[in-house]
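S.K.: Please dock the two separately framed chains into a single complex, following the hints provided.
As they're listed, the protein sequences go chains A and B.
Residue numbers 630 to 721, in the working numbering, belong to the letters of the first sequence in order.
Residue numbers 34 to 221, in the working numbering, belong to the letters of the second sequence in order.
Warning: the hint list may mix true and false statements.
Estimated spans, in silico, between C-beta atoms of each pair [stated by the list, open to error]:
| no. | chain 1 | residue 1 | chain 2 | residue 2 | range |
| --- | --- | --- | --- | --- | --- |
| 1 | B | ALA93 | A | ARG720 | 18 to 26 Å |
| 2 | A | ALA716 | B | GLU77 | 18 to 26 Å |
| 3 | A | GLY679 | B | ALA89 | 43 to 51 Å |
| 4 | B | HIS183 | A | HIS704 | 22 to 30 Å |
| 5 | A | HIS704 | B | PRO102 | 44 to 52 Å |
| 6 | B | ALA48 | A | GLU705 | 47 to 55 Å |
| 7 | A | HIS668 | B | ALA48 | 52 to 60 Å |
Facing chain A, a subset of chain B residues (Cβ under 7 Å, in silico) [stated by the list, open to error]:
| no. | residue |
| --- | --- |
| 8 | ASN165 |
| 9 | ARG178 |
| 10 | HIS182 |
Covered stretches of chain A, as calculated for chain B (at least 3 residues, CB under 8 Å) [stated by the list, open to error]:
| no. | stretch |
| --- | --- |
| 11 | 637-643 |
| 12 | 683-695 |
Because the hints were derived from the structure by calculation, they are not lab data.
Only a predicted model underlies this, so the values are computations on that prediction, with no experimental measurement involved.
Ideal placement from N, C-alpha and C gives every residue a C-beta, glycine not left out.
Okay, here's what each chain looks like letter by letter:
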Amino acid sequence: MIIHHPLLGPRDASEFVYLGAATLLDRPDPQTATPDDWHAYAYLRDNPAGPHRELWFHEGGDRSWLVVTRDTTTHEITDVALARDVALERRK
Amino acid sequence: MHDLTAITALGGAEARVDRHGGVTLAENSDLALSSVAARLGQEETCAENLTRLLGAAPPAPGKALLSDPLSAVWMGPDQWMIGADYQAHETLAQTCKDVLKSSASVTEQSDAWVCFDLSGAGIQMVMELLCNIDHRRMEPGDATRTSIHHLGCFVVCGEPDAFVRILGPRASAGSLHHALLTAMHSAL
Chain A
630 MIIHHPLLGP RDASEFVYLG AATLLDRPDP QTATPDDWHA YAYLRDNPAG
680 PHRELWFHEG GDRSWLVVTR DTTTHEITDV ALARDVALER RK
Chain B
34 MHDLTAITAL GGAEARVDRH GGVTLAENSD LALSSVAARL GQEETCAENL
84 TRLLGAAPPA PGKALLSDPL SAVWMGPDQW MIGADYQAHE TLAQTCKDVL
134 KSSASVTEQS DAWVCFDLSG AGIQMVMELL CNIDHRRMEP GDATRTSIHH
184 LGCFVVCGEP DAFVRILGPR ASAGSLHHAL LTAMHSAL
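Okay, chain B solo, but in the shape it has when bound (with noise of 0.2 Å):
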């Protein structure tokens, strides 16, 4: 057996967490994530599906569902990201496949995106600076994708001005520390 160490998406052993003006920003390694898609003429038998895996509706354009054990972000018309707890869901891409069947392509993603949590008063002036998504006007429950420092990131709104969570693209993971680090420079 291979004995190897995984590390995060910014290439630590642990989850980096930096904090300035009350703003705090952690990098998020704990999260599994599965992206479902209804497949043609499937439409309505997948978000029937999607309720018994989910215990209520996905969600509708512009918003999460934020529950627990598993939680929904809206991607696009009939599209969906499913997020959960690595450490307890590591093989949530079959969960969702096995209740999804042949009504949705399901394909792991817990290792294409980075997740970055920003936490504390303040968060709004921080995310004016880095999308031209009204944040302000975001409720707990709106996500919307968004490009920020030219990357496209999901913005979920968990609380307006105390938590928003970020998903953005692993492999950009360092740029898009350096832009949201930046920005709370800058706005705090």
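Only chain A is shown next, with the shape it has when bound in the complex (with noise of 0.2 Å):
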């Protein structure tokens, strides 16, 4: 499997290791959140069967993290960015 770095080009997937769902970016505003929704954040996840937005860290290149979009039924990966511009689009 290759990843397409957005930096970087066509990367080995054996570089990067799995985090989990893109929505752990989502963190809960600790003055606000209420137990439920740190419950939400820490344990329920969609697993869908299709399209799923991941982090993928880059820890055997630049430890970069990634978003990457990655079909979990045929592994075609449709788009990777670099999480900090994920992040910092958010926060605007």
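M.R.: Pasting the structure below:
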């Protein structure tokens, strides 16, 4: 499996480690979050059969976090973005 | 005053040099390193300050600036590793901080890395055994981080099939040296 790093081009998947669903970027606001919000953030996942946005870490490379959109049934990767760009975009 | 004797990353009094099949593997103990990471919202100021420090724009992703007295390697978005001769720039981190001020976080890295210089015709065959980057397509000034012997290492191409610099974790200097030497004996 090849992951097309947005800055470094095609890289072998063995250089990456997988973390989980990209919803981990949406951490609830500690000032206002309820226990239910934290429960949902920590434990509840959609587990789709199809396109899935997930976090990958380029451990054997430039150590960047990526948001990878991968089809869980075919492993086809349709989009890769730097997680920092995704997070900064949301902050706007 | 203490009278301490400095040792190299491999533990010797002098930097180790190994030769095999026309390729020379040399430990480089005369390298000062500092990492520079732009602070949030200060990315442009940091790049401007770095340009003043380096005398050229900081390197783009996957690139290195091979220049004297200061060189630089791209490490990640808005992050660079600055290098220089240790004897002449022992206080490199302070030199960087004085120019970059609050636009970037600077950390001393000289004693965190081991530097090996591979030179001679045949290094491409050695690199092919060591890591999964396509070293034959690298051009002078290309630099990337990859895994060598399960260690995260920077590979900086100086001259295709003639000179490559490898920066690896200093605590694993012996393991990395073993891997490089074994690959030389296997490939050449």
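S.K.: For every hint, state whether the structure bears it out.
M.R.: For each hint, the structure was consulted:
{"no.": "1", "hint": "B:ALA93 / A:ARG720: 18 to 26 Å", "verdict": "25 Å, holds"}
{"no.": "2", "hint": "A:ALA716 / B:GLU77: 18 to 26 Å", "verdict": "19 Å, holds"}
{"no.": "3", "hint": "A:GLY679 / B:ALA89: 43 to 51 Å", "verdict": "47 Å, holds"}
{"no.": "4", "hint": "B:HIS183 / A:HIS704: 22 to 30 Å", "verdict": "24 Å, holds"}
{"no.": "5", "hint": "A:HIS704 / B:PRO102: 44 to 52 Å", "verdict": "48 Å, holds"}
{"no.": "6", "hint": "B:ALA48 / A:GLU705: 47 to 55 Å", "verdict": "49 Å, holds"}
{"no.": "7", "hint": "A:HIS668 / B:ALA48: 52 to 60 Å", "verdict": "56 Å, holds"}
{"no.": "8", "hint": "ASN165", "verdict": "5 Å, holds"}
{"no.": "9", "hint": "ARG178", "verdict": "5 Å, holds"}
{"no.": "10", "hint": "HIS182", "verdict": "11 Å, violated"}
{"no.": "11", "hint": "637-643", "verdict": "holds (count 4)"}
{"no.": "12", "hint": "683-695", "verdict": "holds (count 6)"}
Of the numbered hints given earlier, the model fails hint 10 alone.
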